[in-house]
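Enquirer: Taking the hints into account, I'd like the entire structure generated from these sequences.
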Amino acid sequence: MNTRTIDTGAPVISADAYDTAAFHAAADTIAVVANTTAPDAVSLPSEDASTAELLAAAREAGFRAVPAPLAETALVARPLLRRAGLPVPDGPLSYAIAPDLTIRYAHPAASAVGSAGSSGDDDTLRVTGTLRRVPWARTATAVVVLAAAPFGPALFTLTPGQAVLTPGGNLAEEPRDDLHLATLEIPASRVRRISPELLDEARLRAALARSALIAGAAGRCADLTVAHTTARTQFGRPLSRFQAVKQEEARLIEETALVRAAVEAAAVPLDTGGTAAHVAIAAAKTQASASAAEIARIAHQLHGAIGITRLSPLHLATTRLWSWRDEDGDETYWARRLARPLTATTLWPTLTTTP
Amino acid sequence: MPPSTPSPTSALSPIAFPDVALPESARRLRAEVRAFVDEERARGTVLGRPDSWLAGWDPGFSRRLAERGWVGMALPTEYGGAGRGFLERYVVIEELLAAGAPVSAHWVSDRQAGPSVLQHGTEEQRRFFLPRIAAGRCFFSIGMSEKNSGSDLASVATRAERTADGWRLTGTKMWTGGAHVNDYAIVLARTDDTEDKHAGLSQFIVDLRAPGVRIEPIHLMSGEHRFNAVHLEGVDVPDGMLLGERGGGWQQVTGELAFERSGPERYLSTFPLLVSLLRELEHGSATAEQLTRVGILTARLLSIRRLSLGVAAALDAGHSPDTQAALVKDLGTRLEGALVDTVRGILPTPADPHATPGSHPELLAFALLHSPGYTLRGGTNEILRGIITRGLEQR
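Line by line, the protein sequences are chains A and B.
Sequential numbering from 1 applies to the first sequence in this note's numbering.
Sequential numbering from 1 applies to the second sequence in this note's numbering.
In case anyone wonders, no lab produced these hints; they're calculated from the structure.
The model shown is predicted, which means the values in this text are computed figures rather than measured ones.
Check before you lean on any hint, since a few could be wrong.
Each pair of labels, with its calculated beta carbon distance range [to be verified]: (1) A148/A - M221/B: 58 to 68 Å; (2) R297/A - A135/B: 46 to 56 Å; (3) A35/B - D122/A: 50 to 60 Å.
No residue lacks a Cβ here, since even glycine has one placed at the ideal position from N, Cα and C.
Expert: Have a look at this one:
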């Protein structure tokens, strides 16, 4: 996989830096993990990377708790911009899908047909409202917004500097910022009319990117737990020698494998689109979100007391699991979308759509 | 704390499964199987019942399936097989199980006996058994477990004593499915006393109608007669029926485990009950809560199928993914049981074994009465989880 430095000025943080104070301080300034000589840096995939490669990179980012919107940039914002025909800015990107905004033409047509403001001289927009909990907004060079405009679905970009930013964070203290837009003018050059299908694709992309991150964090839980139960000795033997521990550890491995398989199964369908994409991605996010609880539970239980402190890196993975399972649609949302079209006759053909 | 050496997730072998791609021929094959199943459904033989690979015994169905080339289909054509790939076989059996088709008559012949005779058998054994298996006219049972040898298989007490022209088998095999209706059993017996209990075991092909074989029914808690105790009371087995090497029994048995543990029968046994649930839900409009629970089950089925196909792809490529197969079996068979309880919760229905056969309450009762077996057969799940953690240590 080719790599590309997209912000050489930004510090590179090792996601294996377990000093959480430094972790959070750096998170404010980090742009994106760039291509460097640091052996453990995660590089941003090149623009021509395949979906499978992008998912593998996102999983790796989730595994290492990379403090940057790598998956958001590579799997969601960039492809959406390309699909809409807008230039792809350098640097980390973020997105907001179907936010609750008031959007009008900035230049309503003088001789409007229909109600006032229902057509415009051009597609320059005036946008009011709040984009809520935008991932990494404070560090993003641009935010891709998909919303209903007067002419139908639109995709446009804005820079966070144009908005009033209220900082926020998820359970892992990853930035989730509100951006307040007060009659912000978006020039027509940054606006594209899009199909409803692209709006749906955006939801699918975001859900799959999040699922890949979850698969990575799950893998980290499994890795850390195996390392801990192998190294930690009680009653004169490693924890991993206790049958009760083995039984739980095996379930942790299984659940982790399950999430990973669900994500990998969605790589090809995302490219082909259609029903296959809907089924595979709804299943991937449902499974990833639904498995998060069991994975975090077992990892913490087998870590004992150290796992609930910042002396152990486990929290980097488990707090992300608890956040990411809710983001971009939780298992309830996606399970319903998966189940709604199913009938006794279509269930099996649906399950065998892929491969 | 110094950063640990980065360990890319790809190095986690037990959670990383091979990529899966079905051959292009699989799409056409799947359509052919569906058309066949539709015909059989119209004929009244495919009833959409759970656990049809244990309980759906219909030799006529097996023969018609064999006429299509779908029994022993991965066996070479020179032995009467169809010379199809392992993944193509996967497509056929997952279609049959999902439809609840009666596949138990030929099940062991197709899954284990055929491949085992092909791999370990003499040329004479291959020429005799394989064409009969592929024709759906030779049905096998497995004689491994004993009263005191379940998970601890190497402790089998059945003995084979050398005679002038063969072997004399003495002992009792337990839980032998279909021994009362099948033709042969592959029996694991001790041929030599060795310090290592894994050595000295051998496999024999035993004619279930031979003198000295006494078959005693063991009724399931539902009252069904599927299992038997097979008493071998000095059964003479000719030399030509030793399967594989003398003393090689343990390797032969354990070498098949990945095939036995990772197939679609390890997560689809109760799938027909989910189909029945959806049929019931079509009478009204499903609530959001019902949809959620159906969706969560469906996502898990899809994900486990992907893992199972990953093991199939690895087997097809000639690997021995024993750890991954154990993982699939634990996940899949736990789902088989959980599905029954979840379906019961989604649409509260009193299970009724006396309701109209094929009705939802009757299928629920049937799946429920079979449910404790899902996580026992083919290796108890607690033991399988031990195999998974051992796989971690060996990395």
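Enquirer: Hint by hint, note whether the structure agrees.
Expert: Right, here's what the structure says about each hint:
| no. | hint | verdict |
| --- | --- | --- |
| 1 | A148/A - M221/B: 58 to 68 Å | 59 Å, holds |
| 2 | R297/A - A135/B: 46 to 56 Å | 52 Å, holds |
| 3 | A35/B - D122/A: 50 to 60 Å | 57 Å, holds |
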